[in-house]
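Colleague: Chain by chain, the residues:
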Amino acid sequence: DTAVSQTPKYLVTQMGNDKSIKCEQNLGHDTMYWYKQDSKKFLKIMFSYNNKELIINETVPNRFSPKSPDKAHLNLHINSLELGDSAVYFCASSQDLSGELFFGEGSRLTVL
Amino acid sequence: QQQVKQSPQSLIVQKGGISIINCAYENTAFDYFPWYQQFPGKGPALLIAIRPDVSEKKEGRFTISFNKSAKQFSLHIMDSQPGDSATYFCAARSFGGKLIFGQGTELSVKP
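Going line by line, the protein sequences match chains A and B. For what it's worth, this note's numbering labels the leading residue of the first sequence as 263, then goes sequentially. For what it's worth, this note's numbering labels the leading residue of the second sequence as 356, then goes sequentially.
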């Protein structure tokens, strides 16, 4: 049973489209994150939520909007996709703000 | 000040050898330093971690050495195996659970 699951695993879309990536964790954790891994494999945090409350919002364009309907889910919606948004997006969760991070397998977004 | 610098970018080691990856940081407020291992097509997974009040931590073939005064820490993989071939990331934890990652090291262990 996958601890942190993301859908879809692959996403290919055209510039200007809107897309969403969904994330669910079954670990009972309070904190969830979105990280972006670029083509050089650099990992950078985008957002974190603790008990559905936004804690970290890095300098991410406001085309990116996270939504946490409950503690087990954190979705990422991206409007007006650009070529530079192509990357692997990882969802992660931790017990709390000081806990170990558990990552999903990633969602590879390709914008054409 | 929020950066973590990792080196080398890539590393080739013979089976049975020692792999050493180094990281340096500036922010003395970081309170936790994990190492993550990532295989192709997978998410990063925690390998080993250390807190700044400890100078060394060993788990099996993996050891973290931590030098607080130099603001440096390193991962040593003893008796490296082909199955250890992966990308390794050091990281440092900041405010709000935020992990700041190093640039990654691609390790290749040759049989």
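For the record, the hints were derived by calculation from the structure and aren't laboratory data. Just so you know, these numbers come straight off a predicted model, no measurement behind them. Hints are supplied without guarantee of correctness; some may be wrong.
[As the list claims (entries may be wrong)] A short, non-exhaustive set of chain B residues, derived as facing chain A with CB atoms under 7 Å:
id, residue
1, Lys397
2, Pro399
3, Leu401
4, Ala425
5, Lys426
6, Pro437
7, Gly438
8, Thr442
9, Gly452
10, Phe456
11, Gln458
Backbone N, C-alpha and C fix where the C-beta goes; we use that ideal spot for every residue, glycine too.
Colleague: Kindly indicate which numbered hints from before are broken by the structure, ordering the numbers from low to high.
Modeller: Hints 4, 5, 6, 7 contradicted; others consistent.
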